[in-house]
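Engineer: Residue numbering for the sequence shown follows UniProt numbering, starting at 1 and increasing by one per position.
These are calculated hints, taken from the structure and not from any lab test.
Misleading hints may appear alongside valid ones.
As the list claims (entries may be wrong) - Using 20 Å as the maximum straight-line C-alpha spacing, the simulated DMTMM-like pairs for lysine to aspartate or glutamate come out as follows:
hint, residue 1, residue 2
1, Lys-21, Asp-86
2, Lys-154, Glu-6
3, Lys-21, Glu-119
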Amino acid sequence: MAARSERPSGLRIIIAYKYIKGGATLVLAILVWIVALGGSGAALAEMVSRHLHHLAHPWAYRLGDAIVRALSGHYLMIAATVLSADGTFTLLEGWALHHGAWWGPWLVVASTSLLLPPEIVALARHASAVRGAVLVINGIIVVYLARHARRHAKNEGAR
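Sequences are here, hints too, so could you generate the full structure?
Structural biologist: Structural data, given as structure tokens:
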């Protein structure tokens, strides 16, 4: 494992992002679990409907709209489960990068690469600066980590 000061700044930024996003997603998951188990779906539906226009992706808007229309304990449980899985997976990505696991960069490259085609389609259908920025940032992360992983593999092979 590389010491913190030896890590490239780009890698440190990605690690911090993964930890922050994963933690925030798990906090949101806990809140949704509380709402679902407490039977407050109607209040959540009202809150979601007020904020739907802020969503960047058309698929996210459609998902949010579907949640508002069909909010029940069952759908909230599904949302809480998905958020829990996403937050946990994102934290795993951050942990793997932070601890220098050889597979960490490849895990992030694979998972982030899977997001690129839907982002391209969304951008083509409904162009916006936010969608463009998300696509560019995810593309940069994929290229950066793929290069980092290849360099790391070459250095390990040379030893």
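Engineer: Hint by hint, note whether the structure agrees.
Structural biologist: Evaluated hints:
Using a Cα cut-off of 20 Å, the hinted pair Lys-21 and Asp-86 holds, with the two alpha carbons roughly 10 Å apart. Of the supplied pair hints, the one linking Lys-154 and Glu-6 holds, its CA atoms being roughly 17 Å apart against a limit of 20 Å. With a C-alpha separation of about 19 Å, the suggested pair Lys-21 and Glu-119 falls inside the 20 Å cut-off, and the hint holds.
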